[in-house]
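> These are the residues of each chain, in order.
Number of protein chains: 2
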Amino acid sequence: MKDVMYIPTLGDMLAARERIAPHVHRTPVLTSRMLNELTGAELFFKCENLQKAGAFKARGASNAVFGLSDEQAKKGVATHSSGNHGTCLSYAAGRRGIPCTVVMPRTAPQAKKDAVRGYGGRVVECEPSTSSREAVFAEVVAETGAEFVHPYNDWRVIAGQATCSAELIEQVEGLDAVVAPIGGGGMVSGTCLTLSNLAPQVKIYAAEPEQADDAARSFRAGHIIADDAPNTVADGLKVPLKELTWHFVRNHVTDILTASEQEIVDAMKLIWKRLKIVMEPSSAVPLATILKNPEAFAGKRVGVIVTGGNVDLDKLPWN
Amino acid sequence: MKDVMYIPTLGDMLAARERIAPHVHRTPVLTSRMLNELTGAELFFKCENLQKAGAFKARGASNAVFGLSDEQAKKGVATHSSGNHGTCLSYAAGRRGIPCTVVMPRTAPQAKKDAVRGYGGRVVECEPSTSSREAVFAEVVAETGAEFVHPYNDWRVIAGQATCSAELIEQVEGLDAVVAPIGGGGMVSGTCLTLSNLAPQVKIYAAEPEQADDAARSFRAGHIIADDAPNTVADGLKVPLKELTWHFVRNHVTDILTASEQEIVDAMKLIWKRLKIVMEPSSAVPLATILKNPEAFAGKRVGVIVTGGNVDLDKLPWN
Chain R
1 MKDVMYIPTL GDMLAARERI APHVHRTPVL TSRMLNELTG AELFFKCENL QKAGAFKARG
61 ASNAVFGLSD EQAKKGVATH SSGNHGTCLS YAAGRRGIPC TVVMPRTAPQ AKKDAVRGYG
121 GRVVECEPST SSREAVFAEV VAETGAEFVH PYNDWRVIAG QATCSAELIE QVEGLDAVVA
181 PIGGGGMVSG TCLTLSNLAP QVKIYAAEPE QADDAARSFR AGHIIADDAP NTVADGLKVP
241 LKELTWHFVR NHVTDILTAS EQEIVDAMKL IWKRLKIVME PSSAVPLATI LKNPEAFAGK
301 RVGVIVTGGN VDLDKLPWN
Chain P
1 MKDVMYIPTL GDMLAARERI APHVHRTPVL TSRMLNELTG AELFFKCENL QKAGAFKARG
61 ASNAVFGLSD EQAKKGVATH SSGNHGTCLS YAAGRRGIPC TVVMPRTAPQ AKKDAVRGYG
121 GRVVECEPST SSREAVFAEV VAETGAEFVH PYNDWRVIAG QATCSAELIE QVEGLDAVVA
181 PIGGGGMVSG TCLTLSNLAP QVKIYAAEPE QADDAARSFR AGHIIADDAP NTVADGLKVP
241 LKELTWHFVR NHVTDILTAS EQEIVDAMKL IWKRLKIVME PSSAVPLATI LKNPEAFAGK
301 RVGVIVTGGN VDLDKLPWN
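Chains R and P, in that order, give the protein sequences.
Everything in the first sequence is counted per our numbering, starting at 1 for the first residue and increasing by one.
Everything in the second sequence is counted per our numbering, starting at 1 for the first residue and increasing by one.
None of these hints come from the bench; they were simulated from the model.
Heads up, none of these hints are tricks.
In this list, chains with the same sequence are indistinguishable; a pair is considered to hold if it fits within one copy or across any two.
Mimicking EDC-like on lysine to aspartate or glutamate, the simulated pairs with C-alpha atoms at most 20 Å apart in a straight line are:
(1) 273 - 114
(2) 269 - 312
(3) 315 - 266
(4) 269 - 114
(5) 113 - 312
(6) 269 - 314
(7) 269 - 210
(8) 238 - 127
(9) 203 - 167
(10) 113 - 127
(11) 273 - 314
(12) 113 - 235
(13) 273 - 312
(14) 238 - 210
A quick note: this is a predicted structure, and the numbers were derived from the prediction, not measured.
The following block holds chain R by itself, in its conformation from the complex:
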């Protein structure tokens, strides 16, 4: 068993890739002439919204779940997440046929609870506070002996997310840059892990909402800054960096760019209209920052990670 602060390696990514191959899609890459003309860059959208369970997090969750010993697997897995990680952990556990418990605030949207249950997972509700979440989660683990799989600060999860850009560089030759949204930093860390080893010439940009710009401020300050309850339409990006993701961000990210709420919603609608895909506000932040910083990307071949597609169709942000 590797320590929690173990830094995953290229070997871990390659092992993850083999391990999760039966459980995840090799997602397609889409392009749009109109979006290229608009940005002056050549954009390649890696569509993790089309991933199993609707998000790239199926990769990391599957790697954690299928890497467990049979003995540990019997006791199941647990996490706290009201977002895609909970759903994806439930998906992966369902594939292995083991128990999964997700601790969620009772105030979380019904659709998120239904998604976890839809894949066979159990939802345990807590009060919407950090102290309640921690207390309830500790109880769950004490009762079940379940393995905790953190949404991003976990080397197995990062090694799993790293398989996404391994596919991308096989699908698109000669990339100059990749832009991925940043919340806790799991996808960005995985991107750093793969590209720093296999394509070190590719610049890595993280994209963040102005209203939840803790990663950008951390990057400039040189240490982790965590905000209390930021508010943004890009609700997948509210969580702060942690030690393991900070390691990758600090060492391998070229820059962290930000966009306003309106810019994010406009970019989201533009992608829906031009690429004909359903994706989350969080996934639109990269295009919003590319449109805002054309000089950084003009004439470049740029990979854009579309992280997820789990959105409430009855509450679209432009309505």
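Start from chain R and add chain P according to the hints.
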């Protein structure tokens, strides 16, 4: 020059495939475990909403445009269509660098006019009546000498649409059936052309809105029935069969199934939610009919043609 009632052959499809390859996408096929569980079938969604210009009609339009002699090409192409065919013909003409004129009712949505112009085509407005459209169109052709490319009753267009199912049977082995929406019958005819030659064991179903069920009634009556101005949310499917498409429908279609407006909208939302793609109401009619007729598809491997993705994001039918 082949006669207008020439019946396209497998050779025409193969020639089309080679001719249009540089101008169209080989679109991906998506699957969803949840939709399979819901229908009891194995569904393979051929995503022509991700096609160039957002619809399968880029195939037929490109085949017509790139099949023209240089002499004819100089004079350009023309059509009447307020839907995807006009946009796609403009797209194809733009790729060849030749003029394209689309006659549209002045009452057509601004977005449709903008789409034609966005690819370099010219919009000429007529009054919203058949007589005005025919008169204005005749003027355009007299003035320009442009080649008329009918939206579906044209062997070049059908041979182009036929390339879609040629890809599909390469992408998915052992299909038992294919379901495609039917309006004028261009996609269904192309599907018949390819499958009757290359995979005659595959059953071909056409899917139609109850409120525009002229093809279903034609099929049962044994002759073309054309309705006057049917009304349905699936606005791409309002047009009637014509001689050439009737030939294919009559000879090769297993059945024509229908769905109500509410069933179409429900199926559309379900696809958006589960497949994470943006598609038109017309493209949801196949899934609506599969959900309504589970006995015809249970345990079968079924191709579903998602015909297009050009929808007004500000006016979604469930809002």
